[in-house]
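A.B. asks: Chain residues, written in single-letter form:
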Amino acid sequence: MNAPAEVSSQWQRMSQSNALIGFIDVTLRGCAQVMFQNNPLTGLIFFIAIFWAAYGEGNPAAAYGCVLGTVVATLTGLGLPDRTSWRAGLYGYNGCLVGVALPTFLAMTPLVWGCIVLGSIVSVIATVCIADVLKTWKIAALTAPFVLTTWVILLGSYMFSGLHGTGLSTPKLPVAVSVETAETLFNASLFTALFQGISQVYLFSSVIAGVLFIIGLAVSSLWAAVFALVGSLLAMVTASILSADNSDITSGLYSFSAVLTAIALGSTFNKPSWRILAYTLVGIVFTVFVQGAMNALMLPIGIPTLTMPFVLASWLFLVPNQDVMPAHRQV
Amino acid sequence: MNAPAEVSSQWQRMSQSNALIGFIDVTLRGCAQVMFQNNPLTGLIFFIAIFWAAYGEGNPAAAYGCVLGTVVATLTGLGLPDRTSWRAGLYGYNGCLVGVALPTFLAMTPLVWGCIVLGSIVSVIATVCIADVLKTWKIAALTAPFVLTTWVILLGSYMFSGLHGTGLSTPKLPVAVSVETAETLFNASLFTALFQGISQVYLFSSVIAGVLFIIGLAVSSLWAAVFALVGSLLAMVTASILSADNSDITSGLYSFSAVLTAIALGSTFNKPSWRILAYTLVGIVFTVFVQGAMNALMLPIGIPTLTMPFVLASWLFLVPNQDVMPAHRQV
Amino acid sequence: MNAPAEVSSQWQRMSQSNALIGFIDVTLRGCAQVMFQNNPLTGLIFFIAIFWAAYGEGNPAAAYGCVLGTVVATLTGLGLPDRTSWRAGLYGYNGCLVGVALPTFLAMTPLVWGCIVLGSIVSVIATVCIADVLKTWKIAALTAPFVLTTWVILLGSYMFSGLHGTGLSTPKLPVAVSVETAETLFNASLFTALFQGISQVYLFSSVIAGVLFIIGLAVSSLWAAVFALVGSLLAMVTASILSADNSDITSGLYSFSAVLTAIALGSTFNKPSWRILAYTLVGIVFTVFVQGAMNALMLPIGIPTLTMPFVLASWLFLVPNQDVMPAHRQV
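Chains as they are written, first to last, in this note's numbering: chain A, 2 to 332; chain B, 2 to 332; chain C, 2 to 332.
Just so you know, these hints were derived from the structure itself, not from any lab. Be aware that one or more of the hints could be misleading.
[To be verified] Per label pair, the in silico range of CB-to-CB distance:
1. C:Ser9 to A:Leu223: 55 to 61 Å
2. B:Lys139 to A:Ile242: 43 to 49 Å
3. B:Ser248 to C:Ser170: 32 to 38 Å
In this text the structure is predicted, and so the values were computed from the model without any measurement. Built from N, CA and C at the ideal position, the CB exists for glycine as well.
Using the sequences provided together with the hints, build the complete structure.
C.D. replies: This is how it looks when you write it as structure tokens:
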């Protein structure tokens, strides 16, 4: 037995015997489940990436909110009978994202910390609700509970002067963009854009965080890391061919949903194969269209799409899985 | 046997032997079902409250529309095979609300009376449709048929010059509100706000109607009356803490959906218990967020949320019921 | 055996023995399935109507796009296991409409031809997805896959300067229309409006194409042709009574969804009867309300409703079918 495997099995023993370490284990898994990994080391690396990026962007509240959200959601999940899902971190990942998103878009006040707690609790209820609804068609809730809960709070900030939406764009009617041709992109660093697209899954624009997320994925699943990179790259290329706004492409705003679609379709819910690869590539390209469409759709209400383009595109491609894909793996 | 019980059992005998009295009985129950009560006396008190409030606000058409809508919907329900639902008034309550809502938001013309008839018929079809869809997850249609039917007609009024939307706000893009602090509210009468929040379930701002609705609830279910008051109060407090617009809070616009959530989660679909109480309180608070979010969401199209915040929040909290609540009662 | 029947049976033999003719047969059926007909001759007449109308409106790309979309979608359908649906053209009709819609609303470039190919492939995946979801309630996907796929691409055109939305209206907030009374309509040719309403199913405003569509329907099902005419006429009358914009009524914009509702409710999913007739008439009238409502709803985002009013109204009236209609025929 080599050293890392030994550490891993020792951690597993400790988390089974000690309630606190067990809880930390599940909280780490909750963070890792944002990218579909049931692995505490992945979660630890993700948290390091989140703290790095949050401090780097001068918004440490996003990192502490992320910890708070994951902890509150994991605690809430203790009230539910399904311990297998709880242990895999499946009640934590939506609270994790609520905790990052609210400090990103709202000015931090004690009330917003309260909203993180409420939002994380509701995200667990929403997870059970959406999972119950979707099990009719054998698909997973993905990050829909996070998106819906956060949308409600961000939209509410227009009506509640106790919540101040500093990071929200001003509502406006859509106007067709008139951007320069895509060649500018390839003068910019392809490398930068590639990894910022991955770190945008957690709403950050940080190359180093992006690299850490890939490392975190790789320690759990090499395929997941490969598909994340493929998703980010293909989304960038697609958005460039369609001539989307260059700064949006470079900062990864057309990539983060595609990254998640790529991991979900390519590795999580299917066994890799040529057929699956082709299906996944179509899914990635279509996710970029959904991202553009939702960007336009949400302009009049001034809130971000979050990861909804991933959720909708992946549901669209996962439901027919049974008919289309012989070797699919369902949750 | 005491006097009221004797009257009640005599009414039951009469409504079984006489078709017209039977029909009146079901129509009264239809009105009571807006707040989940299967009780003709409750319905009678509710109708009295509606007439009081409608005349008080100088809009008697809302009261007559309410009677017309309930009657047409109840008649339409006669065409359906499920007589148990029909007798409980479950085909009437959406038509009842359509009949109140259209005269509240549209200038009354013969065409609008026609729309009440059409809308009430369609509300029954929508009730069967939504109930059929939702029975997959063992939840009820709630007031969704009313909301969707009324939204279609109100939105249509922008395109049809035969319908004139006098009570609709001008479509605009959302702008973050900047209201005074919440203390003003508590200078206003808490009592007034509390009962106006309850009468807003029927789109009125009337303290006396609110008191009558509570009496109507109490004759059928004391728990329902208690939860209605708790819902109105907690919603007011929540909206005040979030610093929503004071006049909206005082006139009950943040309370009516929460009142229905409170009755639904607290007494109708669950047996009261401490666990259920906690769950219901979270549901009430979240309903206020959904109300704020939907207020912002619908600004660009200038139509009201109606009771949709209640419907969405209650579905969210009712679906996980089977997993979360041991002692739930399903419809 | 008379001459047409002989030709028909000869075609059937040829399409079974020759793969290319078999593929053409399915492609023609795909075009006919837009109006629910499983008949290659109907498809041929429809294609002739489409070419006539597209050249007449100076937009031949709509006709070639239509052929391309139907062919690509039919080819994609070959990858699915369900051959019975494939042979009936049920994987082709959504691609057929994608291929008409994109050249109607976007300036044609090589990129848009690529979007037709992508959209047609995705329309098949969406067909399987939506059909899988809806079989829980025994209803069909109708044209929802076309509408959703096309909406995504048209909305995306606001964000992608590679796609230029020439046929899209400028996004604006809804304002109550103030049109002249309806009598102007009946000065215009009722005949023109009647058939333009039918040709608008394929997004054209052509009387001759409308007549050809009715002929194409009649060779497959006389009832379908009758209900199409009834739908167009009743929708026109309803929109006139509601005083919708006259030019919209005359060019058939309030009729096309109602035409499809009429065929679906009246002949495809139910056996004609007096009870069904009454149900269908209410469905047609309500489709006009839904059309008006969706016209207002979509103003702020500047994309057309396409056939979504038909889809929503028909789902609403088809789900209760089991409860309401004794002699229904389900897909």
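A.B. asks: Is the gap between the beta carbons of serine 9 of chain C and leucine 223 of chain A within 55 to 61 Å?
C.D. replies: holds, 58 Å
A.B. asks: Per the hint of 32 to 38 Å, is the separation of the Cβ atoms of serine 248 of chain B and serine 170 of chain C within bounds?
C.D. replies: About 36 Å separates the Cβ atoms of serine 248 of chain B and serine 170 of chain C, which means 32 to 38 Å holds.
A.B. asks: Range first: 43 to 49 Å. Now tell me if the beta carbons of lysine 139 of chain B and isoleucine 242 of chain A are that far apart.
C.D. replies: For lysine 139 of chain B and isoleucine 242 of chain A the Cβ distance comes to about 47 Å; the hint holds.
Violation of the numbered hints given earlier is absent; every hint is satisfied by the structure.
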